[in-house]
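Chemist: Sequence:
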Amino acid sequence: MELPERMFLLAYDSRRQRLARWIDVGLLVRAAALAELELRGVLVDERGRATLASSRRPEVTESLLREVLAEVGASAKPRRWQYWTERGRGKARAAVERRLVAARIISVERRRVFGIFPARRIVVRDRRLIDQLHARVAEALRARTVDSRDAATVALAAAGQLRTVFGWRQRRANRKRIAELTKASVPAAAKGLQKAIAAKYASSEGGG
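Quick note, in my numbering, the sequence shown goes up one by one and the last residue is 1543.
These are computed hints drawn from the structure, not numbers from a lab. For each residue, glycine too, the CB sits at the ideal point set by N, CA and C. Worth double-checking, as some hints may not be accurate.
[Said to hold, decoys possible] Here are the simulated lysine to any residue pairs, SDA-like style, with alpha carbons at most 20 Å apart:
no.	residue 1	residue 2
1	Lys1511	Arg1479
2	Lys1526	Ala1537
3	Lys1511	Ala1478
[Unchecked claim] Quick list of the computed label-pair ranges, beta carbon to beta carbon:
no.	residue 1	residue 2	range
4	Ala1438	Ser1349	15 to 21 Å
5	Ser1483	Gly1450	46 to 52 Å
6	Arg1479	Arg1392	28 to 34 Å
7	Ala1388	Ala1514	22 to 28 Å
8	Ser1483	Arg1463	21 to 27 Å
9	Arg1463	Glu1381	36 to 42 Å
Given these sequences and hints, build the entire structure.
Modeler: Structural data, given as structure tokens:
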């Protein structure tokens, strides 16, 4: 399972049986798409900006990743990872939802609140998938040898302040290990997500 789908599922609050409302899932999966491309060596960091790798790149077949890659390649100038994280996040979320629905991993329930207001609810069909992802994160924190995608999952969960994965005490207790896994996997994409979330919080506080 690629990083965008992993992070979408990790944003699911199993206790309340819904996506956690305090998470901007669009930002999270958009950053995860960038991270997947960074992990594969398709995107590289040059002075804080996302750039197409100059060496021969592996073929990218997934539609969301191809779209993100095309956007970066078509840009008139190199841009920071935060910019690409914030761009098109609604489309990124919708794309991941469609892929998970097609794979019968999630379903989308539509209803009306008070019989008037349209609402939708994400349901994970088999929550053992989420349990498995949480187990992989826990293993990555303590194992000496870690799968690169598991390391990236830890990095994104920490950068995204994903409380469904880490409480603040757990994040602080594992700060050194998280930093090691981030550096070894997707440092640029994780930093871009961290900055995008900080900017969103700052904007919300300024507007309030």
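Chemist: All hints are to be evaluated individually against the structure, with a verdict given for each.
Modeler: Evaluated hints:
no. : hint                          : verdict
1   : Lys1511 / Arg1479             : holds, 14 Å
2   : Lys1526 / Ala1537             : holds, 16 Å
3   : Lys1511 / Ala1478             : holds, 14 Å
4   : Ala1438 / Ser1349: 15 to 21 Å : holds, 19 Å
5   : Ser1483 / Gly1450: 46 to 52 Å : holds, 49 Å
6   : Arg1479 / Arg1392: 28 to 34 Å : holds, 30 Å
7   : Ala1388 / Ala1514: 22 to 28 Å : holds, 24 Å
8   : Ser1483 / Arg1463: 21 to 27 Å : holds, 24 Å
9   : Arg1463 / Glu1381: 36 to 42 Å : holds, 41 Å
Comparing the model with each earlier hint shows no violations; every hint is respected.
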